[in-house]
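All chains, please: the whole structure from these sequences, using the hints.
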Amino acid sequence: MTDFGIRDPFVGIMKGVIEKIAPALHVSDLTHAIPPQNIQVGAFILSASFRYFPERTLFVAVVDPGVGSARRIIYAETPKYRFLAPDNGLLGMIFDEEEPTQVVEVSNSKYFLHPTSHTFHGRDIFAPVAAYLSRGVKPEELGPTINPGDLSPLPFTKPYQDEKGEWHGEIVYIDQFGNLITNFSQNQLGLNGKETVELRVKNRAVKGLAESYTQGNGEPIVVLDSFGTLEIALFKGSAQDFLNVKQGEKVSLRCQTCYS
Amino acid sequence: MTDFGIRDPFVGIMKGVIEKIAPALHVSDLTHAIPPQNIQVGAFILSASFRYFPERTLFVAVVDPGVGSARRIIYAETPKYRFLAPDNGLLGMIFDEEEPTQVVEVSNSKYFLHPTSHTFHGRDIFAPVAAYLSRGVKPEELGPTINPGDLSPLPFTKPYQDEKGEWHGEIVYIDQFGNLITNFSQNQLGLNGKETVELRVKNRAVKGLAESYTQGNGEPIVVLDSFGTLEIALFKGSAQDFLNVKQGEKVSLRCQTCYS
Amino acid sequence: MTDFGIRDPFVGIMKGVIEKIAPALHVSDLTHAIPPQNIQVGAFILSASFRYFPERTLFVAVVDPGVGSARRIIYAETPKYRFLAPDNGLLGMIFDEEEPTQVVEVSNSKYFLHPTSHTFHGRDIFAPVAAYLSRGVKPEELGPTINPGDLSPLPFTKPYQDEKGEWHGEIVYIDQFGNLITNFSQNQLGLNGKETVELRVKNRAVKGLAESYTQGNGEPIVVLDSFGTLEIALFKGSAQDFLNVKQGEKVSLRCQTCYS
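Chains as they are written, first to last, in the numbering used here: chain S, 11 to 270; chain W, 11 to 270; chain R, 11 to 270.
Source of the hints: derived by calculation from the structure; they are not laboratory data.
We put the beta carbon where it would ideally sit given N, CA and C, even for glycine.
Don't take each hint at face value.
What the hints assert, rightly or not - In silico lysine to any residue, SDA-like type, Cα no more than 25 angstroms apart, as pairs:
no.: 1; chain 1: S; residue 1: Lys25; chain 2: R; residue 2: Tyr142
no.: 2; chain 1: R; residue 1: Lys120; chain 2: R; residue 2: Asp106
no.: 3; chain 1: S; residue 1: Lys25; chain 2: R; residue 2: Ser38
no.: 4; chain 1: S; residue 1: Lys246; chain 2: W; residue 2: Gly78
no.: 5; chain 1: W; residue 1: Lys25; chain 2: S; residue 2: Asn48
no.: 6; chain 1: S; residue 1: Lys120; chain 2: R; residue 2: Glu65
no.: 7; chain 1: W; residue 1: Lys174; chain 2: W; residue 2: Gly203
no.: 8; chain 1: R; residue 1: Lys256; chain 2: R; residue 2: Thr224
no.: 9; chain 1: W; residue 1: Lys174; chain 2: W; residue 2: Lys204
Claimed, not checked - Per the computed footprint, the stretches of chain R lying under chain W, defined by three or more beta-carbons under 8 angstroms from a beta-carbon of chain W, are:
no.: 10; region: 27-41
no.: 11; region: 125-133
The structure is reproduced here in structure tokens:
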């Protein structure tokens, strides 16, 4: 997963680097269309997707506005998965669900390409390190161990409940159909899809839950989507355009039967 | 082949599901840019492409406006190929050429992901069923046999000849260069590429056949294209913009030497 | 690498053809977003990327405005890599760096698909020939040997130095962020990234070298980029929009410490 897009040859070059070091390694694309440098979207997409991949999959996640600065690159393991990413919060939503069992700083330049550019660490660090890991290099050889508590926090807030019982969250992702995906998740709220809820965004109330995308009669609806999150949708239209909302917009939730 | 696009992580997640069940299965992308819910374009693209793939290829085709409704998902075999698709006509152009030898309804939830969403059957049904089939699960285990005659018909008409001998068809696809691809096919009409033909679209006559895309002197031409169909093109320009035509537009054909 | 884009099924069909002939062959995408028929961009992207792939990689490069005309298709080997491309200059920047050791004209239709279209040689010639080569077909079997001196020259000029010591080159590529990539390369000029240089484009001087993309205070900067070339960039903006420049624009360079 990167924010490189697929117009320029950057992703193709990363695959070349991997093939050179680890010809038998299978590489799969999650998406390369994370909005440039948007850590929040990257964190959401990765956390919504990783469980569908085989255990022990190594996710190479490059959304890295700090490339070339002093930010660290980390390798992290959870009980079931492995990750290579900048230490900028990109793995934060995953670590909220699965605590890392091992984190190391990727600093041993033995596993980098040389010369190592300041601008394209995807090619010069992420790709070769991923390839060497697949060939059996031990995480400990990549650099010093990091205490998970010392990792950079998520650069955005998690949903929280105020004293009146109302939840406050955000639109964390807008898909290509204009559906507005919130960070109110089934797991956190104990949703079963049959609740009565009310989302408020830009002073407009949207009620739900609808059972399918085809409801609403031209008005926005709330559905529990395939990511397991509450989502505002508009049948045969774009909820984004209808409500004139951008990613990052604040959303509040009223739900009497949700967890608190 | 899907209409999911590659901006969102949906295709990437489907591949993760497949890798989890069938790690050695080779997955190849035909296109994920079918216009959303456009069964006609999906049917055309698949029928124009499938013969170039190895025999026994399993095509997973998801253009599925009825996802979550009572529409069936089918597995179908022809003498040379295998298909997994919604029963909405998406395979109709293929079945016109190759009769299915076996069709079953995909209903055995043993091979689905659980919980099975109402909104993302690509992830929860198509991907895992494809993976299990590759591992040797028999089609009969997926659900009851369907009589091919009971399948949903194509939701659009095939070319037909009127009493005056004129053919009537449609623009079924417009490629990224603005070329207008009709459903008048070489096979159906017995074309050899040297005919004198006249296509009429929006009351404008376009004559052919041109031998290459470079002809026409700034006017639209008719070529027999690499899909084996009659196509209206404009050298160094977009026939779509020039003629102001949309996919689905009616086209008529006069051709004295064509089959009738 | 092609200019086919990924909206239409052309790239997917090429992969099907390859899988049919050489099921075990690993195919990797560099990019399919070369601007249509833009040989200069294709030549630059390929030359900037090929060294990152494993030795003996066969690059299939289709940017081919002359498809269907008398232009030749060539197979070429350098000491480390192999290429299949139209003879139109697309490999020119590579041959400037690595002299070809063998070049043959691809003319033996035994290895083509039949019927062979005039419009889609990617499917009918490039894909099957690449697949047969991977299965051990000898280059000599593809057609007659060509003297490298008889190949089509680059259809654009290389940087040159005038009598005053000023270099003259071009913007050869503009990436998706609007960075302007010149054909002034580290290798040709002996750059170490610490030079004082001045680029002039459209009568505007841009000075460098900056150490990172984050410099410039809202003004364009010159960086030595990850392609190893001089590039004009604008922090948090598009140098392309700022300077209103198109690919192909002339650029001159003053650099006292560069090679001459």
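Hint check:
1. For the suggested pair lysine 25 (chain S) and tyrosine 142 (chain R), the alpha carbons sit about 23 angstroms apart, so the restraint of at most 25 angstroms is met.
2. Pair hint lysine 120 (chain R) plus aspartate 106 (chain R) does not hold up; C-alpha atoms about 32 angstroms apart against a cutoff of 25 angstroms.
3. For the hint pairing lysine 25 (chain S) with serine 38 (chain R), the CA-to-CA distance comes to about 8 angstroms; that is within 25 angstroms, so the pair holds.
4. For a cut-off of 25 angstroms, the pair hint linking lysine 246 (chain S) to glycine 78 (chain W) stands: about 15 angstroms separates their Cα positions.
5. At most 25 angstroms may separate the alpha-carbon atoms for a hinted pair to count; lysine 25 (chain W) and asparagine 48 (chain S) meet this at roughly 24 angstroms.
6. Pair hint lysine 120 (chain S) plus glutamate 65 (chain R) holds up; C-alpha atoms about 21 angstroms apart against a cutoff of 25 angstroms.
7. For the given pair, lysine 174 (chain W) sits about 23 angstroms from glycine 203 (chain W) by alpha-carbon distance, which is consistent with the 25 angstroms threshold.
8. Using a Cα cut-off of 25 angstroms, the hinted pair lysine 256 (chain R) and threonine 224 (chain R) holds, with the two alpha carbons roughly 23 angstroms apart.
9. Note on lysine 174 (chain W) and lysine 204 (chain W): the hinted pairing holds, with a Cα-Cα distance of about 23 angstroms set against a maximum of 25 angstroms.
10. With 4 residues having a Cβ less than 8 angstroms from any Cβ of chain W, the region 27-41 of chain R passes the three-residue criterion, so the hint holds.
11. Counting residues of the region 125-133 of chain R whose beta-carbon sits less than 8 angstroms from any beta-carbon of chain W gives 5, enough to reach three: the coverage restraint holds.
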